[in-house]
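Protein sequence lines correspond, in order, to chains A and B. Going left to right, the first sequence walks through residues 1 to 303 as the working numbering numbers them. Going left to right, the second sequence walks through residues 304 to 444 as the working numbering numbers them.
Worth double-checking, as some hints may not be accurate.
Computed list of lysine-lysine pairs in BS3-like fashion (alpha-carbon distance at most 27 angstroms, straight line) [claimed, not checked]:
id, chain 1, residue 1, chain 2, residue 2
1, A, K64, B, K375
2, B, K368, A, K226
3, B, K313, A, K64
4, B, K368, B, K313
5, A, K247, A, K226
6, B, K425, B, K307
Distance ranges between label pairs, derived from CB positions [said to hold, decoys possible]:
id, chain 1, residue 1, chain 2, residue 2, range
7, B, P383, A, R274, 29 to 35 angstroms
8, B, D334, A, T108, 40 to 46 angstroms
9, A, L104, B, K368, 49 to 55 angstroms
10, A, V263, B, L333, 25 to 31 angstroms
11, A, V102, B, C325, 53 to 59 angstroms
12, A, P124, B, N366, 45 to 51 angstroms
13, B, R372, A, S253, 53 to 59 angstroms
14, B, P383, A, L267, 33 to 39 angstroms
15, B, K309, A, L142, 33 to 39 angstroms
The hints are simulated quantities; they were obtained by calculation from the structure and are not laboratory data. Every residue gets a Cβ at the ideal spot worked out from N, C-alpha and C, and that includes glycine.
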Amino acid sequence: MKLLFNFLIFPGILFSAVVGLLASWVDRKVTARLQWRVGPPWYQNFADIVKLWGKETIVPEGAKWTFLLAPYLGFLSLALVATILGRALIWPQESFGADIIVVLYLLTIPAVSLIIGAASSRNPLASVGASREMKLVLSYELPFILSIIAVVIKSGGAIRLGEILNYQAVFNSNIASLSGALAFIVAIFCALGRLGLGPFEISEAEQEIMGGVLIEYSGIGLAIFKLNKALLFYVMPVFLTVLFLGKDLSPISIVLKFVMILVIFILVKNTNPRLRIDQAMKFFWIYMTIPAILAVALAIFGL
Amino acid sequence: MNFKLKALTKSLWVFHVSNGSCNNCDIEILDCITPRFDIERFGMQLVGSVRHADVLLIAGAMNRKAVPRMKKIYQQAPKPCLVVACGICACSQHMFRDSYNVTEPLDKILPVDVYIPGCPPKPEAIIAGIVKAIKKVRKAK
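Could you put the whole structure together from the sequences, leaning on the hints where they help?
Here it is in structure tokens:
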């Protein structure tokens, strides 16, 4: 019963969706201010979701049944990640063994659901978007996992979120060490790639492939994909907080850290033009993987 | 349903269709998203795909080739969907009225909700037209 409450309401679906939609409003508002505009009101993303709920859903001719199912796949896995992370933050002792690996697997599923949905819509532009998304997943996954391995080695081989938090509470935040700081920088960029923000919005480039993976979606399917994005906006900063900034876990400091990571995301997004897919792969495989390996090596030496 | 229509008026996503316009209206439409006018204040966005559209903002006198494509685009847009004729060409064919290539006006083919005259209409006029469309949706509910 308590678990169900956790999944559906407090750290789970409802709470994380509301916080995520507000976070994506912060993104839009700050972007607008940086471009010298006024920007949308705070309820804008909620209005978008409700509006999409009331629209007609069109299924393109010849689309597979996965077309309608794909958004829910990503949504459910992200809700589960939000629940696990929220529970680990509130009750660090109660988290189950090896949940960091579960979180890693579940975080890949939204991208996979985008690929499935786009590939089953039979639109050429959507398949271009799907192939770009696939390459992006392949490129950011390796440095992200390496940076997490650095954290795991740093906290004495713990693969439980609760143990990592305990380690940081006893000693110091992971970011305070050299290897942690390196891994944090790598993880920020990988999180940007996962969010599809800023320089890495290659798969749904509005100006060149017209929304890419989302081109055929309308109505509820599009609403769920927008919600997925909002949930990622909540999940990624919280995950980075747990991994790197887990020293002080009072509610105010968690909110401050959340906003800090969000601001880093938004600033990187607004100051960098979109990369080509080959540039993005080169960026992740060379300029991000080498620092990540360095971070792992430093962590082994205990730095 | 009322709630959803209210949300529709708060976040209109605009798909910009140019069926043989001279680029004059198109530039004025792009002016609406610049800092001076900033229609994102009202939740309006220019979207890239017809499937995401709430408003079809149509510019240009429709020529013979564009007629079937226009019909197709209207069918591809998910309903409820507003159709706004932007510029005097889309409203009444303007100087192309007697052209061999321009056969029928836009409102004979699609149910046009709002007309925005002008050659080109100012960004203020486009925003005023969208406000009229919002008022029409409000009245309908």
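For each hint, the structure was consulted:
Distance hint between A:K64 and B:K375 is fulfilled; the C-alpha atoms sit about 22 angstroms from each other, no more than 27 angstroms. At most 27 angstroms may separate the alpha-carbon atoms for a hinted pair to count; B:K368 and A:K226 exceed this at roughly 36 angstroms. Taking the CA atoms of B:K313 and A:K64, the gap is near 33 angstroms; set against the 27 angstroms cutoff, the hint is violated. Between B:K368 and B:K313 the CA atoms are separated by roughly 35 angstroms; this puts the pair beyond 27 angstroms, and the hint is violated.
Of the supplied pair hints, the one linking A:K247 and A:K226 is violated, its CA atoms being roughly 32 angstroms apart against a limit of 27 angstroms. Taking the CA atoms of B:K425 and B:K307, the gap is about 30 angstroms. The hint is violated against a cut of 27 angstroms. Restraint check, B:P383 to A:R274: a C-beta distance of roughly 33 angstroms satisfies the suggested window 29 to 35 angstroms. For the hinted restraint 40 to 46 angstroms between B:D334 and A:T108, the CB-CB distance of approximately 42 angstroms keeps it satisfied.
Range check, A:L104 to B:K368: Cβ separation about 52 angstroms, and the 49 to 55 angstroms hint holds. For the pair A:V263 and B:L333, the beta carbons lie near 29 angstroms from each other, so the given range of 25 to 31 angstroms is met. As the Cβ distance of A:V102 to B:C325 is approximately 58 angstroms, the hint placing it in 53 to 59 angstroms holds. The hinted range of 45 to 51 angstroms is not satisfied by A:P124 and B:N366, whose Cβ atoms lie roughly 26 angstroms apart.
Separation of B:R372 from A:S253 is about 57 angstroms and conforms to the stated range, judged on CB atoms against 53 to 59 angstroms. A hinted range of 33 to 39 angstroms for the beta carbons of B:P383 and A:L267 is consistent with their spacing of about 38 angstroms. Taking 33 to 39 angstroms as the suggested C-beta distance range, the pair B:K309 and A:L142 does not conform, at roughly 46 angstroms.
In this structure, the earlier hints numbered 2, 3, 4, 5, 6, 12, 15 are contradicted, and the remaining ones agree with it.
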